[in-house]
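From just these sequences and the hints, can you work out the full model?
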Amino acid sequence: AQKVTQAQTEISVVEKEDVTLDCVYETRDTTYYLFWYKQPPSGELVFLIRRNSFDEQNEISGRYSWNFQKSTSSFNFTITASQVVDSAVYFCALSAMRTGANNLFFGTGTRLTVIP
Amino acid sequence: ETGVTQTPRHLVMGMTNKKSLKCEQHLGHNAMYWYKQSAKKPLELMFVYNFKEQTENNSVPSRFSPECPNSSHLFLHLHTLQPEDSALYLCASSQHQMNTGELFFGEGSRLTVL
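So the sequence lines, in the order shown, correspond to chains A and B.
In this text, residue positions in the first sequence follow our numbering: the first is 1, and each later residue adds one.
In this text, residue positions in the second sequence follow our numbering: the first is 1, and each later residue adds one.
Just so you know, not all the hints are guaranteed correct.
[What the hints assert, rightly or not] Taking lysine-lysine and the DSS-like style, the derived pairs with C-alpha atoms no more than 30 Å apart in a straight line are:
(1) B/Lys52 with A/Lys70
(2) B/Lys52 with A/Lys38
(3) A/Lys38 with A/Lys70
(4) B/Lys52 with A/Lys3
(5) A/Lys70 with B/Lys41
(6) B/Lys52 with B/Lys41
(7) B/Lys18 with A/Lys70
(8) B/Lys22 with A/Lys38
(9) B/Lys22 with B/Lys52
(10) B/Lys41 with B/Lys19
(11) B/Lys40 with B/Lys19
(12) B/Lys40 with A/Lys3
(13) B/Lys40 with A/Lys16
(14) B/Lys41 with A/Lys3
(15) A/Lys38 with A/Lys3
(16) B/Lys41 with B/Lys18
(17) B/Lys41 with A/Lys38
To be clear, the hints were calculated from the coordinates, so they are not data collected in a lab.
Everything numeric in this text was worked out from a predicted model, so none of it was measured.
Put into structure tokens, the structure is as follows:
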């Protein structure tokens, strides 16, 4: 079975602060994918990143970076120099190649509020 | 028009009503999904359609009945719902079910069951 845990329910930071959103996953599959999605107030989830289980390289995209560590089953997301537009609910998700890359199991989400 | 469009955005219904949620995608995708988002719970995958064929039914009660007449349209027919069915229902699409995990979501239909 797949499981994703996002222990942080809500986080508030002041604009320009860095913030890290934690994600811990469980799976017995050896080939799997990890994702982060952003849900702004409008409601639609927006894809941010996908990593596969073979690639533990960290990734940076502008102010966003992701730290994938198989040893701790974690896939954490850091926003550097946060902005008000980053305020949203962020979901970490997991899927397994065996059951279909698009059958995502989501965590409960972390609501990030960036205060101006 | 682009992306994934869901209607209605808000719906209030009684427990004996019958209503439908509609989803339309303009991305040329072949897989469509219904997810349920309840407060403090993970998004729950309800149904998956791949090339118009239902490939996943995640033990959803029969009071929810999906329909996928073509790859661009997906419906969720609702009847005799319970108050605990109140939630945000999200539709998503992807190229096909087995590819990259990048789903494109609509803005959701917020359902309230009285």
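**Q.** Structure-inconsistent hints, enumerated in ascending order
**A.** 1, 7
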